[in-house]
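Visitor: Sequence:
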Amino acid sequence: MFKRSSGVLAHVTSLPSPHGVGTMGKTARDFVDFLAAAHQTYWQVLPLGHTGFGDSPYQCFSAAAGNPYLIDMDLLVEDGLLTADEVRQGDFNASADTADFEQLADTRWPLFRKAYSRVTPEMREKIAVFTEKNSEWLPDYALFMALKEEKYHHMPVYMWPDKDVRDRKPAALEKVTAELRDEVDFRIFLQYIFFKQWTALREYANEKGIQIIGDIPIYVAMDSADTWANPWLFKLDEKNCPTQVAGCPPDGFSATGQLWGNPLYNWEVHRNSEYEWWIKRISNCFRLYDVVRIDHFRGFDEYYAIPYGDKTAENGWWEKGPGIDLFRAISARLGDREIIAEDLGYMTDSVKQLVEESGYPNMKVIEFAFDERDTGNASDYLPHNYPRNCVVYTGTHDNETLLSWLDDITPGERRQVREYLNNFKDSGKELCDDLICLVMQSVANLCIIPMQDYLGLDNSARMNQPSTLGKNWKWRLKEGQFSKELQKEMLELATRYGRR
Numbered sequence: 001m002f003k004r005s006s007g008v009l010a011h012v013t014s015l016p017s018p019h020g021v022g023t024m025g026k027t028a029r030d031f032v033d034f035l036a037a038a039h040q041t042y043w044q045v046l047p048l049g050h051t052g053f054g055d056s057p058y059q060c061f062s063a064a065a066g067n068p069y070l071i072d073m074d075l076l077v078e079d080g081l082l083t084a085d086e087v088r089q090g091d092f093n094a095s096a097d098t099a100d101f102e103q104l105a106d107t108r109w110p111l112f113r114k115a116y117s118r119v120t121p122e123m124r125e126k127i128a129v130f131t132e133k134n135s136e137w138l139p140d141y142a143l144f145m146a147l148k149e150e151k152y153h154h155m156p157v158y159m160w161p162d163k164d165v166r167d168r169k170p171a172a173l174e175k176v177t178a179e180l181r182d183e184v185d186f187r188i189f190l191q192y193i194f195f196k197q198w199t200a201l202r203e204y205a206n207e208k209g210i211q212i213i214g215d216i217p218i219y220v221a222m223d224s225a226d227t228w229a230n231p232w233l234f235k236l237d238e239k240n241c242p243t244q245v246a247g248c249p250p251d252g253f254s255a256t257g258q259l260w261g262n263p264l265y266n267w268e269v270h271r272n273s274e275y276e277w278w279i280k281r282i283s284n285c286f287r288l289y290d291v292v293r294i295d296h297f298r299g300f301d302e303y304y305a306i307p308y309g310d311k312t313a314e315n316g317w318w319e320k321g322p323g324i325d326l327f328r329a330i331s332a333r334l335g336d337r338e339i340i341a342e343d344l345g346y347m348t349d350s351v352k353q354l355v356e357e358s359g360y361p362n363m364k365v366i367e368f369a370f371d372e373r374d375t376g377n378a379s380d381y382l383p384h385n386y387p388r389n390c391v392v393y394t395g396t397h398d399n400e401t402l403l404s405w406l407d408d409i410t411p412g413e414r415r416q417v418r419e420y421l422n423n424f425k426d427s428g429k430e431l432c433d434d435l436i437c438l439v440m441q442s443v444a445n446l447c448i449i450p451m452q453d454y455l456g457l458d459n460s461a462r463m464n465q466p467s468t469l470g471k472n473w474k475w476r477l478k479e480g481q482f483s484k485e486l487q488k489e490m491l492e493l494a495t496r497y498g499r500r
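Residues in the sequence shown are numbered consecutively from 1, following our numbering.
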């Protein structure tokens, strides 16, 4: 599938910017230039969706909509929708080392509304065309957000007091759509701007030889336009509350398992529709990305169901997913697409068979190769066991950085690392570099390194710690960190190991 190549993992929000968070503007183009000069081929990002409580890109208000916070302010100035003075006066907490999403909520929206007030008739025509092209999801999303943020004061959809609106009775929807017409149109405008800026950035990257790897979670959020507009596709009761929710069972990493809380799919309904909703979802993803990584791929073979209302994942059970039928349907409608199967965690024989049948490259993570708790799978992550058709990482957005991981593993695990590398003297950043060389020289067709690991950063730069809230998704690169020196190091690695 992939030719022998390499790339980096860095979310758009992690880029430097004077406006409080990384955006789709000049710095993103500078980052693309940096990657191209370092002879990288891929830039992997996290989901680009409209995030909700907790700021997780894996819990979004829509499976199709983009995150307004990624909209670049300076590009709005170029479009004549804002002035440079108005942007300069915005209090974006520009000096902060991390993304301050609460501050963004206070500062971005007044500027967005000002920009919306200046839409020209010519732009309105373009927005109308955009709306028509995205009619399968955009009107529902825009109305959902207008209702949630303006009428129901951010309450989750299952708590909306108007049952007829909650249940999508046609007369009630017609009434609130008329009542909130300008708010709905405002959110359509933001999506138009998001897709305009992202499309331009992706085209720029492609022209420089950089392919974008996107990421989609297997599940959608309970509080989302997707569940509100399509309740029959999920395991919901007559009040549109979930009967079962998603998660992972207890294991060596968590005694009570992981309770994600997402509603589960009603796979029988999906099967009877020939997976129409999923085909549309994947098709929309390839409008954004060149390659799509599907999170929690094992859930398509078997998924873990937890009774709704439980406080932990301990009482769940496994149920069968759609299996290979889903991916055959996707291939029949969309043709062969570049998809990465995220198959991390405990893999049963049936999951391994599903990945093999799909033909998609799976994932290898070097941090998992030396885990004394995972005696069943650890050897699968050792480079001498890799197939060519895989994507290898030092770590993912959910893992510790390499530097802190080396500090936190047991003495026995650290000894395994040194024995495998035949290196008993290096430490710290030097040992991180050795592990990067290890995965770069492997036979894996594609190697992706998080920027934190190239920079040798500790866990203060960690992107996410699963099952925690409050400090995640905030890390940002500082000005000058993707430097000429780092560019030269990456270029030398790509050249040395035949990845250019």
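Calculated from the structure, these hints are not laboratory results. Yeah, the Cβ is synthetic: ideal placement off N, Cα and C, and Gly gets one too. Do not take every clue at face value.
As the list claims (entries may be wrong) - Computed cross-link-like contacts, BS3-like style, restricted to lysine-lysine with a CA-CA straight-line distance of at most 27 Å: (1) K320 to K196; (2) K175 to K133; (3) K163 to K208; (4) K208 to K3.
To be verified - Restraint ranges, calculated between C-beta atoms of paired labels, are given here: (5) E492 to C241: 52 to 62 Å; (6) S254 to W277: 23 to 33 Å; (7) D458 to K175: 52 to 62 Å; (8) C241 to D325: 27 to 37 Å; (9) K169 to G54: 29 to 39 Å; (10) K175 to E203: 34 to 44 Å; (11) K429 to R373: 38 to 48 Å; (12) N423 to C241: 31 to 41 Å; (13) R373 to E492: 34 to 44 Å.
Visitor: Give a verdict on every hint.
Guide: Evaluation of the provided hints:
| no. | hint | result |
| --- | --- | --- |
| 1 | K320 to K196 | violated, 40 Å |
| 2 | K175 to K133 | holds, 24 Å |
| 3 | K163 to K208 | violated, 51 Å |
| 4 | K208 to K3 | holds, 17 Å |
| 5 | E492 to C241: 52 to 62 Å | holds, 56 Å |
| 6 | S254 to W277: 23 to 33 Å | holds, 31 Å |
| 7 | D458 to K175: 52 to 62 Å | holds, 54 Å |
| 8 | C241 to D325: 27 to 37 Å | holds, 29 Å |
| 9 | K169 to G54: 29 to 39 Å | holds, 31 Å |
| 10 | K175 to E203: 34 to 44 Å | holds, 41 Å |
| 11 | K429 to R373: 38 to 48 Å | violated, 26 Å |
| 12 | N423 to C241: 31 to 41 Å | violated, 55 Å |
| 13 | R373 to E492: 34 to 44 Å | holds, 36 Å |
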